[in-house]
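**Student:** What follows is the residue order along each chain.
Number of protein chains: 2
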Amino acid sequence: MKYNLIIADDHKMFLDGLLSILNSEKDYNILLTAKDGKHIAKYLEINPDEKIDLIITDISMPEMDGISLNKIVKERNKSTKTLVVSMHTDAEMIDNLIEHDVDGYVPKNAEKEELLKAIKTILGGEKYFSKEIKNIYLENKFSKKKQEEIKLTQREIDVITLIAQEFTTQEIADQLFLSKHTIESYRKNLIAKLNVRNLAGLTKYAIKMKYIKS
Amino acid sequence: MKYNLIIADDHKMFLDGLLSILNSEKDYNILLTAKDGKHIAKYLEINPDEKIDLIITDISMPEMDGISLNKIVKERNKSTKTLVVSMHTDAEMIDNLIEHDVDGYVPKNAEKEELLKAIKTILGGEKYFSKEIKNIYLENKFSKKKQEEIKLTQREIDVITLIAQEFTTQEIADQLFLSKHTIESYRKNLIAKLNVRNLAGLTKYAIKMKYIKS
DNA sequence: TATAAAACCCCTATTTTCAGGGATGTTAGT
DNA sequence: ACTAACATCCCTGAAAATAGGGGTTTTATA
Chain A
3 MKYNLIIADD HKMFLDGLLS ILNSEKDYNI LLTAKDGKHI AKYLEINPDE KIDLIITDIS
63 MPEMDGISLN KIVKERNKST KTLVVSMHTD AEMIDNLIEH DVDGYVPKNA EKEELLKAIK
123 TILGGEKYFS KEIKNIYLEN KFSKKKQEEI KLTQREIDVI TLIAQEFTTQ EIADQLFLSK
183 HTIESYRKNL IAKLNVRNLA GLTKYAIKMK YIKS
Chain B
3 MKYNLIIADD HKMFLDGLLS ILNSEKDYNI LLTAKDGKHI AKYLEINPDE KIDLIITDIS
63 MPEMDGISLN KIVKERNKST KTLVVSMHTD AEMIDNLIEH DVDGYVPKNA EKEELLKAIK
123 TILGGEKYFS KEIKNIYLEN KFSKKKQEEI KLTQREIDVI TLIAQEFTTQ EIADQLFLSK
183 HTIESYRKNL IAKLNVRNLA GLTKYAIKMK YIKS
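So the protein lines, in turn, are chains A and B.
Going by the numbering used here, 15 is the number at position 13 of the first sequence; the sequence numbering is gapless.
Going by the numbering used here, 22 is the number at position 20 of the second sequence; the sequence numbering is gapless.
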């Protein structure tokens, strides 16, 4: 009996590549391909009882991204597996995916063989994450350990965000309905906590932590 | 007579996709595929007289990127065309490519039909840039116009870079062997020029312009 | 060779930040 | 009930940054 697969990827050419790989395998039956998650979601809704073994998905797609799709898939039927195939190799993304309980991740520059191995492994009930991805994940966890010692409170985040937006202490105080002295204390604490020297350092931290854009 | 094509892309699966598209076209003869530019460069060196009509290449590849490859290709034989197929859609990259005189650019999420059209157009001697890419390019040129009114001198860049690195005015003066007053003047001018309010604004600008990392 | 732009320097006065203290009330967890 | 963490506020003095002026000299280039 064949496994039922669904593929979602907005890169048409890449999709063709995947198909050409999978079509030469006789165990896989490709039910559907789509260039965004929404189509897949609709299909799943219309066919609630169809057995779907694996969904191969990209992360960034128009309309509905891979993470949202994964959530929908798992809610419909926990036994449907998800394999993410993407070019994103940033730690945050990977972290995010693992937390969302995807069954595997293979980068797009992986070999054909690895992809097939990933699919087989996942259909066999195990997880599959390529070595590259595992390394990024683990390295990130280690370095996070150090960073997480520095944990800002919500108020501190409020203040540093406004500082990075070029407001003066007085202006921040006015906006938050606090005393100027309070903001000064926060600024002082932030400088000490984050091991920086001045506003420039605070601003860089705010950007790194994405409290402000660009 | 067939056209001779070479393809470079480090995404194996994508390569397969491209191949499956091109193999079904009888006019194209694929001489070589490789996952980085170096292999291609070596091939070109070994076979200096072979007629190569088109090189399809990704931008970011290990060992040798698409831009360097393009340069080598054009130096060897000006009549060999280059089509870039990549996921990069940032304005800088596109600008860079056009300046390096590639013959076309199609994003990886393009349809199969567009790719074929691009290839045909380029082999016909014209340039082909997908609409999406053209838009990004033009939009960038327009917005650059506004930005380029703000042009920093080298010295100003030196100073803002150091400011963003959290050095004080006095420290910057010492490092650059200048008077503290000079640095103060530069800071003042920068704040006025860049329309920001303080160090935080200068720091953000320095990051945006990539004068400093993160 | 004008002349504009860049690089450099100085001054005053005000505001803001930084560094160092200390303090109080509230909240959440042990 | 105790304690730690948090949020809030205050003070002083020094250092730095900001805002507003003013300059000269060097360098590129039209």
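Mixed in with the good hints, there may be bad ones.
Same chains, same label: a pair holds when it works inside one copy or across any pair of copies.
[Stated by the list, open to error] Calculated pairs, DMTMM-like style, for lysine to aspartate or glutamate (alpha carbon to alpha carbon, straight line, at most 20 Å): (1) K40 <-> D160; (2) K210 <-> E168; (3) K153 <-> D29; (4) K143 <-> D92; (5) K190 <-> E168; (6) K133 <-> D12; (7) K215 <-> E94; (8) K215 <-> E52; (9) K136 <-> D160.
By construction, these hints were calculated from the structure, which means they are not laboratory data.
Just so it is clear, the structure is predicted and the values come from calculations on it, not from any experiment.
**Student:** Go through the copies and call it for K143 and D92: within, between, both or neither, with a Cα cutoff of 20 Å.
**Tutor:** within (13 Å within a copy, 30 Å between copies)
**Student:** What label fits K215 with E52 when the C-alpha limit is 20 Å: within, between, both, or neither?
**Tutor:** Intra 44 Å, inter 50 Å, cutoff 20 Å: neither.
**Student:** Using 20 Å as the alpha-carbon threshold, which applies to K136 and D160: within, between, both, or neither?
**Tutor:** neither (34 Å within a copy, 40 Å between copies)
**Student:** Within, between, both or neither: how does the pair K40, D160 come out at a Cα-Cα threshold of 20 Å?
**Tutor:** Neither, since 36 Å and 49 Å both go past 20 Å.
**Student:** I want to check one pair: K133 and D12. Are their C-alpha atoms no more than 20 Å apart within a copy, between two copies, both, or neither?
**Tutor:** Between. Shortest inter-copy distance 17 Å satisfies the 20 Å Cα cut-off; intra-copy 25 Å does not.
**Student:** Could you figure out if K215 and E94 sit no more than 20 Å apart (CA to CA) within one copy, between two copies, both or neither?
**Tutor:** The answer is both: 17 Å in one copy and 18 Å across copies each meet 20 Å.
**Student:** Cα distance capped at 20 Å. Does K153 pair with D29 within a copy, between copies, both, or neither?
**Tutor:** neither (50 Å within a copy, 61 Å between copies)
**Student:** When no copy is specified for K190 and E168, does a C-alpha distance of 20 Å or less occur within a copy, between copies, both, or neither?
**Tutor:** Cα proximity of K190 and E168: in one copy and across copies (16 Å, 15 Å).
**Student:** If the cutoff is 20 Å on CA atoms, where do K210 and E168 land: within, between, both or neither? Let me know, please.
**Tutor:** Close inside one copy (16 Å) and across copies (15 Å); limit 20 Å.
Violated hints, in rising order: 1, 3, 8 and 9; the structure is consistent with all others.
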